[in-house]
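Trainee: The residues making up each chain are set out below.
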Amino acid sequence: MNSSLLGAFLFLVSLVNKKTNIKMINTVYDLLKTILNKELRGNVTPIEYNLIAKEAQEDIIRGYFEDEARDKYKETRGLSSKGYANLALNQRQRIDKFSKKATLTFNTPNFTLPDDLYFIKDFGVDYNGTVVEEMEGQNVAFLGKSLASPSITFPIYEQEGNVLKISPPTIVSGVTCRYLRKPLDPKWTYTVVGGVELYNPDADDFQDFELHTSEFSNIVMKMLSLFGVNIREKEIVDYAQIAKDKRDAKEEN
Amino acid sequence: MALPNFTNLDDYYNDVSQFGDYQYSTLEEIVNNFMFEQDDDSYVSHSDRARVALFGKKGVRELYYDVVNEIISLELDLDPSLIIALPHDYINYVRISWVDQRGKKHPLAIDKSFNLAQSYLQDADFAFLYDANGDILKGSHVQNSVENNPILAHEENELFNNYTAMDFNVDKSKIFKNGSFIIDKTQGVIQFSSIVTGKTIVLDYLSDGLFQRADTDIRIHKFAEESLYAYIYLNLVKRKRSVPEREKMRAEKDWYNQRRLAKKRISPITYDNVRQTLQGSTKWIKD
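Chains as they are written, first to last, in the numbering used here: chain R, 940 to 1192; chain Z, 6 to 292.
Everything labelled a hint here was simulated from the structure, so no lab data went into it.
Each computed PhoX-like pair below joins lysine-lysine, with the alpha-carbon atoms no more than 25 Å apart:
#, chain 1, residue 1, chain 2, residue 2
1, R, Lys972, R, Lys1126
2, R, Lys1011, Z, Lys245
3, Z, Lys245, R, Lys1013
4, R, Lys1084, Z, Lys243
5, Z, Lys63, R, Lys1084
6, Z, Lys245, R, Lys1084
Build the full structure now, drawing on both the sequences and the hints.
Mentor: As structure tokens, this is what we get:
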């Protein structure tokens, strides 16, 4: 398929999605099946699709952090603008879609983190309105015996697996955590009728992509790339890579 | 800046503990302000709060030594041993005096001729004596000050009382009308001369503003607040490889300048001070 034609097609599909509020996961699936099956390159089963969709979504979300770092760097060099052109702000909004706040439970001697924790936000742990600062393990011992040893006014925490060890140990309640939750795994659900999988968005475990509709073409490219690798189709991988490079170059400038 | 702990003035005037609080900013406020002031473009934007608090405390110490001029006064009755333990938060003395019945302070002089040497116990053959653990036994040092001998002390008083400007051969630096003291830093005591036996002593001394204070209670006068920010910033950039040398020099100049400004604001030279000082300039010997 001609790459410029595919690009235009993806753009049109994303516009239709926005207009009709169709679940993105199904549109992406239909599109992928169309592209991949066009030249009898292979079929995509729902199980494969769900696996690759999860990977693509995670990949895109991980990219947000790098993008925000780049956009913030531009901002500090005076290369950003206000309003919708404030790229750092836009990135932050994409990330903040996953923001959550939870009160941590104390299980002696530590606080247990939420199960859906992805990343704790910078200065995200709070004790009754006072920031509990993250401290790397190697510094905790030095700090404990220094002039700035942890206190109720300047508490610190160290993360050990899924628990937070907070100093001073007199803190046993009132700790909240602002964090990014794990994105929910996208799941294209279906019912089998006559040996054919039919799309069923009403299933209890249905889950659409947790990404903004503007990410439609991004998801398709990413999934094409991953499927291309899966079916060892160099042309598809190359196409996805070229499209990605073009977009990155545009954003860099 | 945190709001004071009162919503109306009645709350303030009915709570002695809050008197004068508005003059000060707490370390907590200063650290939070500093953290917030640093945006992504700052050289110290990634500094830990713990590090900022550490330099904040060191800065408070530095400013308490010679800028904020917060002298602590402690009144004590001198027991017959003529020794007073240094206060728990003592760093250095400003003035030590005895107080008369009218409440007037009479400053004591420092007498460096006091013997403060450590003494090892010796037997009749001058050999050192040891305890069961093999540690050397220590005794009290020889009090060879003239003032600890009542007869010599009397002679010294006589010498002072009979001193006239015509006695050219008298070393005036060794005549102590009000008595004298010496500070033994190793033992942590102040030793007084016998002239002040039975008197009430006032210690004017400096502390570092940190002792036994919870982090919320550490505070600094608002006149010195900017200099504390400058001190924290300087110490954060000082050892950073990524910070250009010119920025470090600018930070250093800023700290010295802010410290100078704070000193000037806290201890201003006013016309009234000068006039009062000059009024006593014709008196030859001062109390």
